[in-house]
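Protein chains: 4
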Amino acid sequence: MKDILEEISKRSRLKATEGTIASYIPELAKADPEAFGLAVTECDGSQYLSGNWDHPFTLQSISKIVTLALALEERGPERVFSSVGTSPTADPFNSIMRLEMDAPHRPNNPLINSGAIVVVSILPEEGRERKIDAIMDLCRKLMANDSIDIDDRVYRSEKNTSDRNRSLAYFLRSVGSLNGDIEDILDVYFRQCSIKTCAKDLSIMGATFACDGLNPISGKQIISPSTARTVRAIMTTCGMYDGSGEFAVKVGIPAKSGVGGGILGTVPGRMGIGVVSPPLDEKGNSVAGLAAMKEISEKLRCRVL
Amino acid sequence: MKDILEEISKRSRLKATEGTIASYIPELAKADPEAFGLAVTECDGSQYLSGNWDHPFTLQSISKIVTLALALEERGPERVFSSVGTSPTADPFNSIMRLEMDAPHRPNNPLINSGAIVVVSILPEEGRERKIDAIMDLCRKLMANDSIDIDDRVYRSEKNTSDRNRSLAYFLRSVGSLNGDIEDILDVYFRQCSIKTCAKDLSIMGATFACDGLNPISGKQIISPSTARTVRAIMTTCGMYDGSGEFAVKVGIPAKSGVGGGILGTVPGRMGIGVVSPPLDEKGNSVAGLAAMKEISEKLRCRVL
Amino acid sequence: MKDILEEISKRSRLKATEGTIASYIPELAKADPEAFGLAVTECDGSQYLSGNWDHPFTLQSISKIVTLALALEERGPERVFSSVGTSPTADPFNSIMRLEMDAPHRPNNPLINSGAIVVVSILPEEGRERKIDAIMDLCRKLMANDSIDIDDRVYRSEKNTSDRNRSLAYFLRSVGSLNGDIEDILDVYFRQCSIKTCAKDLSIMGATFACDGLNPISGKQIISPSTARTVRAIMTTCGMYDGSGEFAVKVGIPAKSGVGGGILGTVPGRMGIGVVSPPLDEKGNSVAGLAAMKEISEKLRCRVL
Amino acid sequence: MKDILEEISKRSRLKATEGTIASYIPELAKADPEAFGLAVTECDGSQYLSGNWDHPFTLQSISKIVTLALALEERGPERVFSSVGTSPTADPFNSIMRLEMDAPHRPNNPLINSGAIVVVSILPEEGRERKIDAIMDLCRKLMANDSIDIDDRVYRSEKNTSDRNRSLAYFLRSVGSLNGDIEDILDVYFRQCSIKTCAKDLSIMGATFACDGLNPISGKQIISPSTARTVRAIMTTCGMYDGSGEFAVKVGIPAKSGVGGGILGTVPGRMGIGVVSPPLDEKGNSVAGLAAMKEISEKLRCRVL
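Residue numbers (UniProt numbering), protein chains in the order written: chain A, 1 to 305; chain B, 1 to 305; chain C, 1 to 305; chain D, 1 to 305.
These aren't lab readings, by the way, just hints derived from the structure by calculation. Take these hints with a grain of salt, some might be off.
Identical copies look the same in the list; a pair holds intra-copy or inter-copy alike.
As the list claims (entries may be wrong) - Quick list of in silico lysine to aspartate or glutamate cross-link-like pairs, EDC-like style, CA-CA up to 20 Å:
1. Lys-283 x Asp-54
2. Lys-294 x Glu-78
3. Lys-250 x Glu-298
4. Lys-159 x Asp-181
5. Lys-196 x Glu-78
Here chain A stands alone, though its shape is the one from the complex (with noise of 0.2 Å):
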């Protein structure tokens, strides 16, 4: 197994000269485009680490599952769906007119970033801090990993660059979408894009999901597993950005992905992956990362579809 990830690792890392870095927000622009990590946690606790497994990136998009599950268990299926569907979208992940075209102008699924803003204000907790509490708490209970924590300089660099997100926030508000604070929302959004993580961890991650909600690490179940499997779903449909349905044929596992670089997989009683690399491609995935993880999907026959 850790022969395997190595050669994999030496494989999929000559990959991430074909990608760019993500530029709209210039503190991500700083990303080390030669750091690439790769770690597997399995469901009985093992674990392999390989290259920069370590190195530290923000979560971006993969924090969307953080609190999609936090709602998930909070607020119960039904009133989330409410509030977002779970239609997969050929759409960019920042794309306003699909919420003007179709009443009841409800974002298509919580994985594009008006779904995740809508997710983020429908938290019981009152307030930007409480809120974040709430997910930086869940996030260090997935990752068992207490020291988790915000990557400053991008959060401010984040707020700064937020246009396209504030336009979003301010429509959904406008059809009633979306209630509440709206720098309050954006707030803790922007702060839960820029929590700092890294490959090991995303792989712990991916594990608790793989194993129904139970940490493999810390032996504690930390959601539910109907939670688990709501969010397996729905990153299988929806969680690669609009190159969902080509990663579902060429790799076929749930997964998530973040324009820092990182991808989260998961895969059902098995194992979860994380592996990061900044260069990313036109659809803002990681380019060594997908190949990282097709090559995992074939030599450990870890295909789910």
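Fit chains B, C and D to the known structure of chain A by using the hints.
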């Protein structure tokens, strides 16, 4: 097993009263709303049949996976996916808008009507007769049933109520996304939709996809493992019209539905499922069929996601 | 007056080199790029002819105002505007998207292709021959020219390159916005587009609209004042494809263009203008024709807006 | 003349019961549904006043033509129309979709909200105070009324119910179509919408546009003839929201409406018309105002199209 399926049948068929039979094609409107059939074929060849498992109905959109499999086998994935995408879409199955907006005007995926029409057009067989013969031939092999045939009345009914599909085809050709004689291509499409089948047939086809292309009834390798996996992945993200995301959450099994009331499910490495009940929900999926799939996923613990 | 028009001709025709001849219909591609004709017919019957004022070309979209006038006369505005709107649109002339998005799927206005096709369909005449006869008859009267005829080669060329229009027509029928035999309706549409005319004819038709329906050459009242005004108003907001807004600003005269290179202008109470020069800008309007219209508007102080 | 206008007033004001007062801005909802004022100012300076011609209301969207005129005067048409288009649109006044679909994401025209916001942003004045001062100054000159002021309660009400406009502004900035401080720009926009006026003021402003920029009351040339014509042309194609096409057909006069219930009409070379009646139709135009404009067009034979 048999008992579990009997109970599921009993409970699920009651749901049929909540649905409505497809009426946009006159001949479909004549379907028996009370018919309910369920069949499971396992990868070891065992079969469980329940209710009206031999009740005849037409494949409709389920035929799209047969033609897709054929095109993948004959043309290879690269050629197929240069003509149609692999992206799930939140648009209705017969939408033109998306085609117009997105250059290069390629249909989002092969399971919406525009995509399925393009897949028919790229089959290497010349002329409508050869194309439909090749599709029928593959269909018979996937179902291990040489007597599969076309329901001529449904076919003619489809042909007479086909304005939207004609519009799609002419649009596709006008933007260079489809070549060939449109009447030929649509004729093949209408005929493949009109292939007569039953729940048992569906379960065998589902099992063939589940067993990576090996038909467990005939014992023959019908399609390559790679084609089987590709079709399964696309079913997962796009198989249930715009109910695909919700189906992934609630059922978590690759599946394809048709407005004839059938649903084919495929559990990789384990089994194929066929269910039929004509009354549909507003998305075009069999209401009782959905209920049965959900129960099977839970009771047989065969959820994939 | 004559001198002014001669000078305008001289300057405007030089602009033709900046345009491109329509090529999507093969027969149109054969047009002479150097032909330039200009004609003005005043409401008192005086006429000024310049350049290739008798150079033959086909009406193309200019025919839409003839059919609209006919439908208004025979069916009345209430009936016509229950089937097509009066809203200008920023979409291309052959867009389907707008039809799909907006219930009740009524074409935005009678001067885009979908609207013009619907107008043909609601003419009271039965069958393609009677419909086109009625249109030709009105056209001859509006132009005071009994020898107006169809360019058969252009007609057949249109018919063979009509995928987009077929797509529009089938779409319209699929949503209930068009009734009747599609081949019949499109045949009439292709024939009306292929009516042969010249700058002089256009100027007389323009003058008839300018004189509230009275043809100043034949001295006959051809259409009602109300129909003339309605057509003029719709030309103002929708007559120059998606260049209508810019034309209103720069020229300020009700006008209708066609991809054959013609532009018809109408100055209420004063005159009709006909100009032809085949090379088009990217919106489908004659480049030299636009230049001539702008100069006429300024030099003859006949701006309306 | 006076008698004709009195009769038109009498008949038109009865129509008000068919409309509904704008309620999306709370302060607007307090308007008097029975107020009806009508005024005509001719190019020779004669004035006819009828009903509640001095009833105060706010300009709302009518203010867009003031700011457009200011930008045209100060920046020139080339600069203005590089930032906003001149195309009429069938989309609602506050649509975002169109912005997203069409590269280069330029608002369709300066009379929809997104366009008007961009026009404010390109005014050369620095800061919100100087910008609104310049607008107020031009407004006073166009109306020959030095006492024109802002309705502070409406302004604050607009500011508190501005989610959609904020969404538009952030979107525009996110795609590079708007630069500057969004709160500053929106503040100016909300204030210009809240300028208090009356039917008499509107008629004088309308007359100034009709007289090519010469105010017939003050006798001063306020704006250039070219600016006056450009604004008139854009009013013709885009002035009445998505009722512009129908208004062109039924009334045939360049005009601009506001949700405060006002309509400004301008008959080139002849007169300006001001009418107010707060109840609106579903497109946002004053019902009684539309009726009055239609009658004036017919009775005074001042139709332009």
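Results for each hint:
| no. | hint | in the structure |
| --- | --- | --- |
| 1 | Lys-283 x Asp-54 | neither (25 Å within a copy, 46 Å between copies) |
| 2 | Lys-294 x Glu-78 | between (34 Å within a copy, 17 Å between copies) |
| 3 | Lys-250 x Glu-298 | within (10 Å within a copy, 27 Å between copies) |
| 4 | Lys-159 x Asp-181 | both (15 Å within a copy, 15 Å between copies) |
| 5 | Lys-196 x Glu-78 | neither (31 Å within a copy, 38 Å between copies) |
Consistency note: the structure conflicts with the earlier hints numbered 1 and 5.
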